[in-house]
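There are 4 protein chains.
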Amino acid sequence: MKKNNIIEAATYFFATQGFDGTTTKAISDQAGVTEPLLYYHFTGKDEIYTTILETAFSDYGTALKGLNKETKKAFDKIENLLLLHFDLVKKFPHEMSLVVSPKPSKLNDPENVYDKNNKKHRKWLKSYLTRCLKKGVAAREFKKVPVKETANLIMMVISAILQKKDYQNTQAMRQATVDFWRKNLS
Amino acid sequence: MKKNNIIEAATYFFATQGFDGTTTKAISDQAGVTEPLLYYHFTGKDEIYTTILETAFSDYGTALKGLNKETKKAFDKIENLLLLHFDLVKKFPHEMSLVVSPKPSKLNDPENVYDKNNKKHRKWLKSYLTRCLKKGVAAREFKKVPVKETANLIMMVISAILQKKDYQNTQAMRQATVDFWRKNLS
Amino acid sequence: MKKNNIIEAATYFFATQGFDGTTTKAISDQAGVTEPLLYYHFTGKDEIYTTILETAFSDYGTALKGLNKETKKAFDKIENLLLLHFDLVKKFPHEMSLVVSPKPSKLNDPENVYDKNNKKHRKWLKSYLTRCLKKGVAAREFKKVPVKETANLIMMVISAILQKKDYQNTQAMRQATVDFWRKNLS
Amino acid sequence: MKKNNIIEAATYFFATQGFDGTTTKAISDQAGVTEPLLYYHFTGKDEIYTTILETAFSDYGTALKGLNKETKKAFDKIENLLLLHFDLVKKFPHEMSLVVSPKPSKLNDPENVYDKNNKKHRKWLKSYLTRCLKKGVAAREFKKVPVKETANLIMMVISAILQKKDYQNTQAMRQATVDFWRKNLS
DNA sequence: GATGAATGAGTGTTCATTCAT
DNA sequence: TATGAATGAACACTCATTCAT
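Residue numbers (my numbering), protein chains in the order written: chain A, 750 to 935; chain B, 750 to 935; chain C, 750 to 935; chain D, 750 to 935.
Incorrect hints may have been included.
As the list makes no split between identical chains, a pair holds if one copy fits it or if it spans any two.
[What the hints assert, rightly or not] When the alpha-carbon atoms are kept at most 25 Å apart in a straight line, the in silico SDA-like pairs for lysine to any residue are as follows:
{"hint": "1", "residue 1": "794", "residue 2": "813"}
{"hint": "2", "residue 1": "883", "residue 2": "921"}
{"hint": "3", "residue 1": "872", "residue 2": "856"}
{"hint": "4", "residue 1": "839", "residue 2": "854"}
{"hint": "5", "residue 1": "865", "residue 2": "795"}
{"hint": "6", "residue 1": "818", "residue 2": "859"}
{"hint": "7", "residue 1": "869", "residue 2": "919"}
{"hint": "8", "residue 1": "914", "residue 2": "894"}
{"hint": "9", "residue 1": "821", "residue 2": "804"}
{"hint": "10", "residue 1": "893", "residue 2": "906"}
{"hint": "11", "residue 1": "892", "residue 2": "873"}
{"hint": "12", "residue 1": "914", "residue 2": "806"}
{"hint": "13", "residue 1": "883", "residue 2": "793"}
{"hint": "14", "residue 1": "839", "residue 2": "857"}
{"hint": "15", "residue 1": "875", "residue 2": "857"}
{"hint": "16", "residue 1": "914", "residue 2": "895"}
{"hint": "17", "residue 1": "892", "residue 2": "919"}
{"hint": "18", "residue 1": "814", "residue 2": "846"}
{"hint": "19", "residue 1": "897", "residue 2": "930"}
{"hint": "20", "residue 1": "794", "residue 2": "931"}
{"hint": "21", "residue 1": "822", "residue 2": "778"}
{"hint": "22", "residue 1": "855", "residue 2": "825"}
{"hint": "23", "residue 1": "751", "residue 2": "894"}
{"hint": "24", "residue 1": "892", "residue 2": "756"}
{"hint": "25", "residue 1": "875", "residue 2": "935"}
{"hint": "26", "residue 1": "893", "residue 2": "849"}
{"hint": "27", "residue 1": "774", "residue 2": "829"}
{"hint": "28", "residue 1": "897", "residue 2": "842"}
Just so you know, these hints were derived from the structure itself, not from any lab.
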């Protein structure tokens, strides 16, 4: 269906040119449809954006929830989290870049799609990391580290990964990133 | 002078709303001048942006070059580099966010102000870090680490720092960041 | 039948929001159908309007022709005419407001439904009134009055009645209007 | 100044084609300017309309207030009121037709320019007429007439006059209208 | 009869920029 | 330096209408 064309085209442009830098004409041209069709399937540019954002956040959330929770070691959880993000950005580069992009100042988002999801995932990540770290420290698997700051630092790295500069997403980088945290924590 | 008002206003808006999300009217209003005055001092919106960008990159470059080069230990150089970025983002939050922001797709930049400076500083950073790491490893100050990937990782963290989320710029975060790299390298 | 729903909905909107202020979507929504169905039953918005107008003019014409012609007194005819209009606007408020509304500038009306009917009824009214007045004057039932101007004035009042402001359509207003003309003429 | 061109052009179109039937392009073409200039002088089509309406109502109000109040006879006041409206519609045909036109359904009028003025002038007229009629009856200048209904009837005629069909605005019509009311009241 | 999907032509509006002074 | 007035090009969006089924 052409609605999917629209979503694909819009996702591409929103991720690469930003919300303000993307025109409805660019989207419709790329999607091979006329502009009015955008307004048949969506109420406007804003809704196209928030729809895409919702999908992106939803995909991201599903991926996070799918993390293997039966791992024995605390570090395995952190390793899996890091590798997951390297995978995600390879699989959904545009969606993931939207997930970490700032809220477009001109976006009218009355249902708070942006803020709600953003907060939710940050909170999830923070609590996931905090739990891992505390458990690892308690079990003497990890050295004593400042939990809050360490979690913050990991989140900064994750954010940088999601912003994907392709050249950073190599096997060697994945390895080095995981090794770095292993060495630091244990 | 009113030109400075314009630059300050524009810097604020470009950093917070993006190039596409910033209108010339917003700039002139905030600067307390009329729109045509922008065109007296600059050739257009593009030039305002590139001018600001040049200053930002120049300030950044000056700061980088000012790094104390007489330190004995390789790690001190890395520590100084990290702390410098924490300081820079506190001092010039808007400029620094522009330094790490992607190139606006609509920006007409025939002199390649953006790309040239961007490449230059990335190169500088990379070579600075590579040299440090190699020297540290050679002098047995550092353990054996994959130089390229480690440099990359540090640059990712630096990039995340410059994007400044205020809450990450605490004394504890600075300490933790430095400590991690120390532990990791030595 | 759904065609009637369409006509009812359109009549309502054309009368209350005007031709230009009425969208085909508003009509189809109100009628509980989809827009393409309008084009199954009519050639387009214009034809919906002219169809409704034809009905309205036809109803109006039928009502006029039904005026009791066997009355003895000339004034009775005028009284009946006035009362008829008070009745009509109560019974068909929307239709009657269309009958006296100006021709929509954007209406494409190649068969001149609007102009033809408008002219026809104005002519009918004028001749009806002129005849009444002349007869009444000749029969000494009426004082000498300027026929043309009196007819005009009555038509102005009739027009104002049809534009119906509900509050003017009371028993007292009907009485007062009739009394006014009785006093004036006799 | 070109702002006046815009107002003149817009007044013409709003009065002859209605608010919904008037495009900003039609206005700017007729005014000999480009469309963006409309938005330099006004915030939008709505404000052009309300500005014109305010002027029209203001002119109308000034004219009403200027009615000679030292006339001895009650009927003179009514005669003057009627003649004033014949004059006004000759002098400001477009403005006056706007004064009695219904509120455009699509007009966004947050300051209630339309309703406020409309109500104000109807109230003024009503109280003016009521006072005249009561005084005239009390002074035995007028026969006993139902005050409220008579006032209503006069207002209906005034409204019809303002809607101006040119052919009704002749010396003979003016005379006939006044004569009828004189005959009716005295 | 009836509809979901789609469109050509506009519609009100914004924006970066220029002109005259 | 500085501005009020003005504009060309584009922008998000709407509308009457059509097509395929």
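* Enumerate the violated hints, using their earlier numbering and listing them in ascending order. => Violated hints (numbers, rising): 1, 6, 9, 13, 14, 15, 20, 21, 22, 23, 24, 26 and 27; every other hint is consistent with the structure.
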